[in-house]
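Asks: The opening position of the sequence shown corresponds to residue 7 in the working numbering, with each subsequent residue numbered one higher.
Heads up, a few of these hints could be off.
Okay, derived cross-link-like pairs now, BS3-like style, lysine-lysine, Cα gap no bigger than 25 Å in a straight line [what the hints assert, rightly or not]: (1) K42 - K88; (2) K88 - K70; (3) K68 - K50; (4) K42 - K68; (5) K88 - K68; (6) K70 - K51; (7) K51 - K88; (8) K70 - K92; (9) K42 - K11; (10) K92 - K50.
The hints are simulated quantities; they were obtained by calculation from the structure and are not laboratory data.
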Amino acid sequence: MSNGKGKQMPVLHSDEEAEAFVETADLSEYDLSGFKPVQFEFEKKSAQLNMRLPEALLSAIKAKARERGIPYTRLIREALEKTIAK
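Could you build the full structure based on these sequences and the hints that come with them?
Replies: So this is what it looks like as structure tokens:
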């Protein structure tokens, strides 16, 4: 994952290895250009929704979710959360 702008990130196999690395490493020395932001969901899902959509809309949602590498249901949930946060 290096493009010549810094050291290549080591492969870390456990949370403990990652914690030890972050405690001692100067991350400004590493090439982080290949990293992308991620969001973690900690809240349990306690309600369910069933809805009908036009097939073309659902196909477009699934394609966009594939581009982002996330499940299409998470993309829908993010859109709803964004709308509510406005």
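Asks: All hints, please: hold or fail.
Replies: Outcome of the hint check:
| no. | hint | verdict |
| --- | --- | --- |
| 1 | K42 - K88 | holds, 20 Å |
| 2 | K88 - K70 | holds, 16 Å |
| 3 | K68 - K50 | holds, 23 Å |
| 4 | K42 - K68 | holds, 20 Å |
| 5 | K88 - K68 | holds, 18 Å |
| 6 | K70 - K51 | holds, 23 Å |
| 7 | K51 - K88 | holds, 17 Å |
| 8 | K70 - K92 | holds, 22 Å |
| 9 | K42 - K11 | holds, 17 Å |
| 10 | K92 - K50 | holds, 23 Å |
Violated hints: none; the structure is consistent with every hint.
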